[in-house]
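Since each chain comes alone in its own frame, lean on the hints to assemble the complex.
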Amino acid sequence: MTATAPDTVALATAQTASRRWRMHPILLSGLILMTLIVLTAIIAPMFLSTSANALTDQTRLPPGPDHLLGTDEFGRDLLSRALVATRLTLILTVSASAISVVLGVIIGMLVWLLPDRVRRFVVGVNSVAVAFPSLVLALVIAAILGPGAETAALAVGISSIPAFVRLTVNMAAPVLGREFVGTARLLHVPRVIVMVRHVLPNMAEPLLVLAASNFAVTLVELSGLSFIGLGVQSPQYDFGLLLSDALAAIFTQPSQVVGPSVMIMLTGLAGMLIGDGLAASSNPRTRGSRRASRTGRLGRTDAVAAKSEAPVQVRDLRVSTGTGTELVRGVSFDIAPGEILGLVGESGSGKSLTAMTLAGLVPEGVNATASTLVAAGNDMLAPADPARLARDIALIYQDPMSTFNPALRVGSQLTEVARTHLGMSRGAARRALLERFEQLRITDPPRRLRQHPHELSGGMLQRAMIASSLIADAKLIVADEPTTALDVTVQAAVLRQFAAAARELGASVLFISHDLGVVEALCDRVMVMHHGEIVEEVTAQALAARDVTHPYTRKLLDAAKYVDAL
Amino acid sequence: MTAAVETRTRTRSAGGSGWPRFLGQKLVEFVVAIGALILLTFALVLLVPGDPARIAAGIDASPEQVAAARHALGLDQPLLAQFWNYVVGIFTGDLGQSFRTGQDVTAVIGVRLPFTLTIALVAIGITLVVSVMLGIAVAALTRGNRNRWLDVGFSWATATLQTLPIYVYGAILVVVFAVTLGVLPAAGAASPASYVLPAVALTLAPTCSISRIVRREASAVLEQDYMRTARGWRIGRLKQHLKYALPNLLASTLTLSGLILGNMLGGAVIVERVFSWPGLGNGVVEAILERDYPLIRGIILTIGALAIIINLVIDIILAIVDPRVLRSGKAFA
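Protein chains in written order, with the working numbering: chain L, 1 to 566; chain C, 567 to 899.
Hints listed in this document are in silico derivations from the structure and should not be mistaken for laboratory results. Just so we're clear, the structure is a prediction, and the values are computed from it rather than from any experiment. Ideal Cβ placement from N, Cα and C applies to all residues, glycine included. It is possible that some hints are incorrect.
To be verified - The following residues of chain C were derived to be distant from chain L, with all beta-carbon distances above 10 Å: (1) Asp626; (2) Pro629; (3) Leu645; (4) Gly655; (5) Phe665; (6) Thr684.
Unchecked claim - Partial pick of chain L residues on the chain C-facing surface, computed with a CB cut under 8 Å: (7) Gly229; (8) Leu269; (9) Leu361; (10) Pro386; (11) Thr403; (12) Phe404; (13) Asn405; (14) Leu408; (15) Thr420.
Said to hold, decoys possible - Quick look at which bits of chain L chain C covers, simulated, 3 or more residues with Cβ under 8 Å: (16) 141-155; (17) 217-228; (18) 246-254; (19) 387-398.
Bound conformation, chain C alone (with noise of 0.2 Å):
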């Protein structure tokens, strides 16, 4: 077992390096992540206990309900062929239609798509932006035992405000921004204002969390040899930490918080329901609920390709940033 550990570590430094190696890995990774994704979403209704023709014609159907039902969901046919209808159906752009609506599934995606992909980006522009400055600030000014109040309070501050949920979050910013204040929209979509408080809600925790990292990468940057040197040019302190510190603890920080911003997709779920935001979250639920089999398969396979595409783009952005990740092939190995 000692040899396995040993020969692990030596196939991981060898090998050849650069960008084609590191693309065909990500490739390959990507490839196989979307076909469990595909395989996922096509057990998803053959796990269902029990009947899911009857399940999803409803308890009072009549048999021939339930037959269609089981016709809809093409579980009258041989195994194999259902899913190799299933996946000819993804390339070409044909999920089905919704058992309540009869609308096709690819229109309902279409229509809610943009909605859940703003909120995400932008929650996730926000939560990098704000994190960074934040970390790095505080990590400045709490160098070598300044401002201790602020070291504690920024500790407290971020580790409470972290484990806050995105509901209760929204819950409060209902409250004052909606109906106290009366300022911005508590629900949907319908102006630009709307978008404040759903972005904000999705932002407040990651951002707690991805500061404290970059702090804690920043603090550990400040202290390099580099920075002294940078110090002895006495150029400014805001060129000396955005120029000299940042480049250096960025690969670090979106190694360490890759996983939170991927997660965020799922807050966007929740947050999507405290808002009534019209996107892809509240769509997956109400179809759950319904037991809108085809629905819940399209909408889970646009989710769970967002999600590995997210990962994928951090990814290379990493290995943009920081050229060692090439040679390894993953920063966190």
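Next up, chain L with everything else stripped away, as it sits in the complex (with noise of 0.2 Å):
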């Protein structure tokens, strides 16, 4: 089987790119466009050669009909000249390029082939070529050679060849690391038959891609250099030099910085489209997404529904996605205060879009809509004040090495509301938060306060989240699988401490899980939730004596029951 495998890769290579073949709108301007100017190199010296280089006395014209963009000081037509030089340029460009990507790429093969220690040595110093200014390294060059057009392509091309080394070293890195290679190595197959054969195959696409980008570059420094003088010499010229003598008139003519500005910009965007056009056809991510419509609002509709006095109220909340399917659909409840609610449910059954849009946190890739949505006495349809929100609201979140900021100190993160919100200073905060987490037995409170997230575990960051919760006197708590990602040993522990901290603040407590048994112990009333819908509604007690009538519900207790089995 291992054998066949590069012929398998091959196949698959292939299919994916015949079924990915359809023009990219980018790619397909780029086309077009570069071939336009392909075209003006070819054509433009055959007849303008004559009003682009003869010397005539209607000296300094400004742009009129006669001549489009004018005539310069010797009475040449610019508009010619500019298309004229696009040859030059083209030629010159299309040679450095290709010694960058050839050289590059050979190069680049030929590091794998030397012994490991060499190989890094050359990497090494590979790297330090790469930062280097290529413009100071094409100086160099044509410090050595002397100013000259062929210099100039020679300058600009080797100058590019280290980030072209870099890059094939580094996508031949992965590729030599597959199965087929292995096996061809096992097979006796010489190195740099394997390099030619698989690596480069693999390699074509990305390459081509760069190689596209880096037209646009090579172009604009080739320019770079005879703009300074140090490239095309007269009396040949480029889009460079008649950049150069454009700039020498600015003041008399500045019309004459037209031409040579507008065929730089348009052949390297040419460059560029071409590049970015190969890119993005060849990422299926960046094809066909474009279409998607705003998303993350929370919106109220009219329908009638019964109100009533508790602090947090649902009715009829749906959320659809931006393509409008529909992942919510018309969930209603209440929590009385002190109440824990549970919400139980399969993944994807709608549980945290539901617990996230309470909080008036509409995911990004959905929208929201309710006809009531009070949380902790807010009404979340309504501008609210965002101190209230975030005094009445605590959340904890399912993950909590995603929910710190990897970046910001654990002290610095938990004690955010106290000081942006109830209007304490830095150290009363502190002082508050390390109290809790002394309540909440957190070892060596004033040492966690300094740390980073990643220093401490799951468990104590979760707790640490609780106890934030508690010095600003939430009302409303929304917990997303709390204990979810903590090892099953500290979950107990910080499960009770969760309890305790609701008990205390007298909070109101929607409590999501798709563990039944946590559920069962923890909360007062349970909801099913299944496909985005409520199914079924009943008191703890009634799930801990199996008194369930929903067929969803029975079968989640029957997982439950063999997952205890286990």
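Quick look at the structure:
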């Protein structure tokens, strides 16, 4: 099986390539533009050479019907000159690009044939060369060989070699690690052949993208050398030299700048568009997903619904994706003060969406509507005071490792609400948090505040998050699977502390879990969610007595039993 | 070969960590780079096709003048002695005399260096600040398909403007602000106002490239869980982005834009040409045109050393911003 691996891979590549092969609009526009420029390079010198080069007495004419861009100090037509210069510019740019791509790839592959130590040294030296400004490298070469068109192409070409060496080395590494290369080696296929047959074809696509983008860079650098006087020498001329002539006459005839500037811009743009288009068509993520509409909105629907006095009221909550798929389909519930409401269901049933929307944090990618949405007494459908929301609603998320900001110290993050919204000073907020840390039996509290999140365990972080909700006197705690990411041994302790904290605050709690055992032990009332709808609502006692009616709840209970039995 | 790849990854992830090791590694890299630069500038004269002394003295020079040029270049000495004198000269600040003016090369560099340094540093500073602010702002304003026009407009504008070379920007800026409006000087470094156009010309293209990078990185950071946590604390948008998002995208941004920032030194050479700026870039171009080899050597050595130092500083800032760099040695590895 392994022996046929190269062919299988080749086949797979060919298939994906053919499936992909629908011209990307950016690529198409780049190719059209480039074709026009190449045609100009071929045709313009044939017909426009006379008007571009012949000296006349119509000097320094402004733009007009006879000379669209005017004439220069020797009476030569500026438009013709800009168009005729395309040929030399393109020839030089293509030669320079060819030098850097071909030599870069060859050297980059030869590097992999070297012994390990030597290769690492060469790669190190090369990375120094890459970091060196390529224009300065080109200057060195121009200084050695003397100014001139060929020198400039050679200089710019050579100065980009290190970049292509690095790219080749980096791109070859993963290919060399693949199975079929190992197989080829076992079969004693010489390394050079492995390189040419397997590594090169696998790099072709990214290399093409980079070569196209490099074309624009080469153009700019070559024209730059001509511009500063070290490239093409008069009487020959390319875009760069024309621009430098224009700059010399800028006060007498500013319009002279237009021709070469526009031509450089268009040629560079063609290269960039081809590169971007190739990259975009080889990257499936950037295709197709362009039409999505705006998301993350929360809106009010007019349906008439029964109002109540509860601090948490949800009526007809609906959440749908930007493309219209409904993920939560009309959920309604209340939570009384001090009540812990459990929300269970399998992943993707809409539990987290419901909870986050209630807290006013509609995620990107979806939009939400409800006829009533009250959280801790705040109308979430109307503009609300951020300070009140921050004080009243505490959130505890599933994975403490990703919900803490990795760049900031724990203390700075967890005192944020106290400092911003409760008007506490830095010291007072720290003292309040330290007290709560001790209450939740977090070891060595002062040190924890100074640490970064990655230095603490998941259980510790989760307790720290609970502690911070205690300083703010939250009236609603939304806990989205707060113990799922934790070690089983610390789950129980964290849950106990969570329950104690909620009791102390007298807060309403929306507790999400897929663990029926946990929900049964902790909650007063449980809602079962399935495919975006609440299919059953029972008390904890009923759940414990297995007194449920909906078949889906039964299935969940059976699954839980099965897990227990394990 | 598979084994080789594995060993490489292993040696990189294992081993000591922390500042001493990192600084040691950077020091070695620095010394190697400076050594390579010294070798390169030394070889520069030797690699000239034909007789550098004759080229330097001019086509119609007498044999005596050629001999004098040969002596001035030190080419009449054995190779090793030439190299030794060159290296000793570098460390004692004696880079020889200019062929054309007879001035000490060190003195010429001393006059020109501050002009290049100020324009490059001012431009790098502006580029970083503007592109970080712009990138984050655009990422924040286009989250979840908000403001589609801004998304499309930003992508197109920056993609187009980043392909424009410095000399085109320079020409356009001169036409608009110096020729048409007449509000800013077109050339020279006579007043503080002279800094405006060269700095802006040098800044525009890199700002476009880097703000695209920042925008992409910021868009990813804004979707992270910890940003949802910060939103849950209902803190102001400015604080959310500056305190909670910015530190998390600085490291990757600096890594990805290091090369662009380093290349701005090359851009400075060209911008000096556009605005007749009396810095090293103009000096080296004139020296190359006049085959003034001692001056070419000296200026290339200085510009090269500047580039190496800028890269070193970026690497060290990276390690401060993102301590993970200390472990891998290189953020991009």
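Hint by hint, here is what the structure shows:
Under the 10 Å C-beta cut-off, the non-interface status given to Asp626 of chain C relative to chain L holds; the minimum distance is some 17 Å. At roughly 22 Å from the closest C-beta of chain L, the C-beta of Pro629 of chain C stays outside 10 Å, upholding its exclusion from the interface. Interface exclusion of Leu645 of chain C from chain L stands, the closest Cβ pair being 17 Å apart, more than 10 Å. Interface exclusion of Gly655 of chain C from chain L stands, the closest Cβ pair being 18 Å apart, more than 10 Å.
The non-interface label for Phe665 of chain C is consistent with chain L: the shortest C-beta to C-beta separation is roughly 13 Å, beyond 10 Å. The beta carbon of Thr684 of chain C is kept farther than 10 Å from every beta carbon of chain L, the shortest such distance being approximately 18 Å. With 8 Å as the threshold, the beta carbon of Gly229 of chain L comes within range of chain C, its nearest partner Cβ sitting at about 6 Å, so the hint holds. Restraint check, Leu269 of chain L versus chain C: the minimum CB separation of about 6 Å is within 8 Å; hint holds.
Nearest Cβ of chain C to the Cβ of Leu361 of chain L: about 6 Å, under the 8 Å cut. The hint holds. For Pro386 of chain L, the interface hint holds, since its Cβ comes within 8 Å of a Cβ in chain C; the closest pair sits about 4 Å apart. Against a cut-off of 8 Å between C-beta atoms, the interface hint on Thr403 of chain L holds, since the closest Cβ of chain C lies about 5 Å away. Satisfaction of the interface hint for Phe404 of chain L is found here, the shortest Cβ-Cβ separation to chain C being roughly 6 Å, below the 8 Å cut-off.
Annotation: Asn405 of chain L was flagged as interfacial toward chain C, and the flag holds, the nearest CB pair being 4 Å apart, inside 8 Å. Residue-level restraint check for Leu408 of chain L holds (minimum Cβ-Cβ distance to chain C is 7 Å; threshold 8 Å). Taken as an interface hint, Thr420 of chain L checks out: its beta carbon lies about 5 Å from the nearest beta carbon of chain C, inside 8 Å. Figure legend: the region 141-155 of chain L, annotated as covered by chain C; annotation consistent (6 residues with Cβ-Cβ distances under 8 Å, at least 3 required).
For the region 217-228 of chain L, the assignment as covered by chain C holds, since 5 residues bring a beta-carbon within under 8 Å of that chain's beta-carbons and 3 suffice. With 5 residues carrying a beta carbon less than 8 Å from a beta carbon of chain C, the region 246-254 of chain L meets the three-residue requirement, and the given coverage holds. Coverage of the region 387-398 of chain L by chain C holds in this model, with 6 residues showing a Cβ closer than 8 Å to a Cβ of that chain against a need of three.
Checked against the numbered hints listed earlier, the structure breaks none of them; every hint is satisfied.
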